[in-house]
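Trainee: Since the structure of chain A is already known, use the hints to place chain B on it.
Residue numbers (the working numbering), protein chains in the order written: chain A, 1 to 527; chain B, 528 to 770.
Hints listed in this document are in silico derivations from the structure and should not be mistaken for laboratory results.
Where is the CB? At the ideal position from N, CA and C, for every residue including glycine.
There are no misleading hints in this set.
Some chain B residues close to chain A (C-beta under 7 Å, calculated; not the full set):
no. : residue
1   : Arg601
2   : Tyr606
3   : Pro615
Every beta carbon over 12 Å from chain A, so not counted as near; a handful from chain B, in silico:
no. : residue
4   : Ala540
5   : Gln550
6   : Gly554
7   : Tyr586
8   : His590
9   : Gln654
10  : Gly664
11  : Asp693
12  : Glu699
13  : Gly712
14  : Asp721
15  : Glu741
16  : Gln742
17  : Arg752
18  : Trp757
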Amino acid sequence: MSVVSNYDSLRIHLYSLTLVVVCLMIQGELLAAGDAIVVGSKKFNESVILGEIAVILVEDTGTAVIHRRQLGGTQILWQAMQRGDIDCYVEYTGTITEEILPSLGINVQSEKNEMKSIGYLKEQLAIHDVIVSNPLGFNNTYALGMTQANAQKLEVNKISHLRAHAQLRVGISEEFRNRRDGWDQLASRYQLPQMRIQTIDHDLAYQGLQSDFIQITDLYTTDPEIREHGLVTLEDDLKFFPDYEAVLLIRSDVQDRNPLALAALHRMEKSISQEQMIALSASVKFGNLTEIQAAKAFVNRAFNIGEDITRTDSLQTRNVFWARLLQTTQEHLVMVSISMLMAILISIPLGIVGQSNLRLGTTIVGVVSVLQTMPSLALLVLMIPLFGLGALPAIVALFFYSLLPIVRNTLVGLKQIDSRLLESADVLGLNRFQRLRLIELPLAMPSILAGIKTATVINIGTATIGALIGAGGYGSPILTGIRLNNFSLVLQGAIPAALMALLAQAFFVAVERRIISPGLLDVREER
Amino acid sequence: MYRLEQVSKSYGATTVLHPISIQIQSGHTTALIGPSGCGKTTVLRLLTGLVLPDEGVIYFDDHEIGKSDWELVRQKIGYVIQGGGLFPHLTAMENIALAANCTGWTQNKIATRIDELCQLVRMSSEQIMKYPKHLSGGQSQRVSLMRALMLDPRVLLLDEPLGALDPLIRFELQDELREIFRSLGTTVVMVTHDLSEAAYLADQIVLLNAGHVEQVGSPNEILQRPQSAWAQKFVRSIRKVVN
Chain A
1 MSVVSNYDSL
11 RIHLYSLTLV
21 VVCLMIQGEL
31 LAAGDAIVVG
41 SKKFNESVIL
51 GEIAVILVED
61 TGTAVIHRRQ
71 LGGTQILWQA
81 MQRGDIDCYV
91 EYTGTITEEI
101 LPSLGINVQS
111 EKNEMKSIGY
121 LKEQLAIHDV
131 IVSNPLGFNN
141 TYALGMTQAN
151 AQKLEVNKIS
161 HLRAHAQLRV
171 GISEEFRNRR
181 DGWDQLASRY
191 QLPQMRIQTI
201 DHDLAYQGLQ
211 SDFIQITDLY
221 TTDPEIREHG
231 LVTLEDDLKF
241 FPDYEAVLLI
251 RSDVQDRNPL
261 ALAALHRMEK
271 SISQEQMIAL
281 SASVKFGNLT
291 EIQAAKAFVN
301 RAFNIGEDIT
311 RTDSLQTRNV
321 FWARLLQTTQ
331 EHLVMVSISM
341 LMAILISIPL
351 GIVGQSNLRL
361 GTTIVGVVSV
371 LQTMPSLALL
381 VLMIPLFGLG
391 ALPAIVALFF
401 YSLLPIVRNT
411 LVGLKQIDSR
421 LLESADVLGL
431 NRFQRLRLIE
441 LPLAMPSILA
451 GIKTATVINI
461 GTATIGALIG
471 AGGYGSPILT
481 GIRLNNFSLV
491 LQGAIPAALM
501 ALLAQAFFVA
511 VERRIISPGL
521 LDVREER
Chain B
528 MYRLEQVSKS
538 YGATTVLHPI
548 SIQIQSGHTT
558 ALIGPSGCGK
568 TTVLRLLTGL
578 VLPDEGVIYF
588 DDHEIGKSDW
598 ELVRQKIGYV
608 IQGGGLFPHL
618 TAMENIALAA
628 NCTGWTQNKI
638 ATRIDELCQL
648 VRMSSEQIMK
658 YPKHLSGGQS
668 QRVSLMRALM
678 LDPRVLLLDE
688 PLGALDPLIR
698 FELQDELREI
708 FRSLGTTVVM
718 VTHDLSEAAY
728 LADQIVLLNA
738 GHVEQVGSPN
748 EILQRPQSAW
758 AQKFVRSIRK
768 VVN
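Here chain A stands alone, though its shape is the one from the complex (with noise of 0.2 Å):
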């Protein structure tokens, strides 16, 4: 009978979606080579022309290299490479005193100075099979700074004469508000009043202050914005901030996997002064160079090596918008439908255990939406050393957000549905399972789907957040896009990730007239 058949062809539908999705996958998989050196980036400009520049000396020594840039923050980095996803990344000293070594249960105490040492550092991490190079030359630490207009007007140049303007707005990155060496503790050690904080992405934090919505940020040393904007940085005269040297931090493996990769890496110490660095992130982020033309440009001239580099660009020197619309497209399609299928394989069980169960059902809600509260670089921080980088971490935290509005409405269905109908159901013979199949689930079709609709957009704009654990995925051009203050990038991500969106809610709206029943529908929705 037609009651079964409608059934038969989802199934038949979810399978070969599925099937899809893991060649999809595999796919992806096999891109990922064997034996290369992997060199990761943090989503800021300077960490990824750093990572180009190791990329090329490393591939000039014949080497396989693959870099994994623009990653998500400190701690998604450290956690990658102490469980091997990447193999080096550039670092600073104090974020290692400040972030990493508490994050290991090692309290820097900052009196200390030969706790700060290049030495220290080496010891510490040498326990946890990691190797500290020697500086690379420059030192990028944190400063407070505002517009000249404002410091002019308010006779602003140490940090301390902040404390007479408590009126003034404070936008900082989220990182510098969690750290140990961030907001809460310069505050306090400055006896600063201002009270109007503000989280804002750093990138963006440039333009907050030239629109006057934010008076002081957070400001790296060695961005080149500062210049560019003629921003004032404030003097630390109490300070409070450690020195930030950019040094290499390299799994120990890597010696004996490929010494003269390593060889390769040590070339960077001692080779990029302030002034370098200033100039090479002026020359990505206002001149057009991108990261790998400028890494280019500095490896021919520093090292004498590159004239031959064939090295280009997946998502940025090729200017192949399609190419790449099309592989962020595929990246996303495979994080969204795999976590979606899960979480849809799972929640409806998950639903109807707890419909039958007060108890149960009442635990079951409370976990997912205790998941579902979880803030999403906090999920992702987890799923690393777990899962690692890439898209399967990303796919177990979009899985974990999509269950709430699943197995909520999957509950919701079932008990909507009148006493009296499963009352006939029993007295007509119907088993469990038969009662389940042909009654009680096509009566809460419209809700489930409901949920999955919900829980399917709510998907997509949060896969979004693949791209800070090398996901890939819309996320990438758009992160790339704050990056470098492009525009038309970030709509290459914004935009088909609102076109999926759309698709998804016609798919869904095609699924409902196949599987939900016309007796079903309102009058109206009848045609």
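Mentor: What follows is chain B alone, placed relative to chain A:
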């Protein structure tokens, strides 16, 4: 067919049925009647196993029905709940065929049986292609009846089968039901609050009041010789309306 012996039922502190004993005769139509809250629907639900007695025993064909026997008993029951209880996501035909499909009847056998039933309740094969929301009240009741009769049950249980219908259709369907009950020769137990309907359709009337059996008898006995003061009052109040 059915025998209830000293069966009682309470929901929390509310006693719905004090220990009662009722006998349902095979091949006859029995009407359970009484005011709202008298326990008549609970008695019907006890006969389906949807409600289990707190105390007392229910016999089916002189066999005591244990908890695990209900599955078997239900195969011999056709049940029409109040309001019809048609599944809105299935067409009338799918509603009717559902139990047969789940039992594994062949499509031929199902089609033949549905044709028979269509003739019995005067429905056309076009009408049963519709979804329940497109059926009139009278048609819905007919379809519910077809669904209940599909597996040719030995007992037909009806809960206010004509409850929500307007008087004209109700009048018409009462005639049809009487004809159907007579022609099938099945045991019928129906719940109604309308004494004239009970008198018209039933061979035996069980008059219930506040969880007790007030009187059992043929329609004539109940109408002519109400035994208690309450039964007299009940019969009189109905008579006023009838006259």
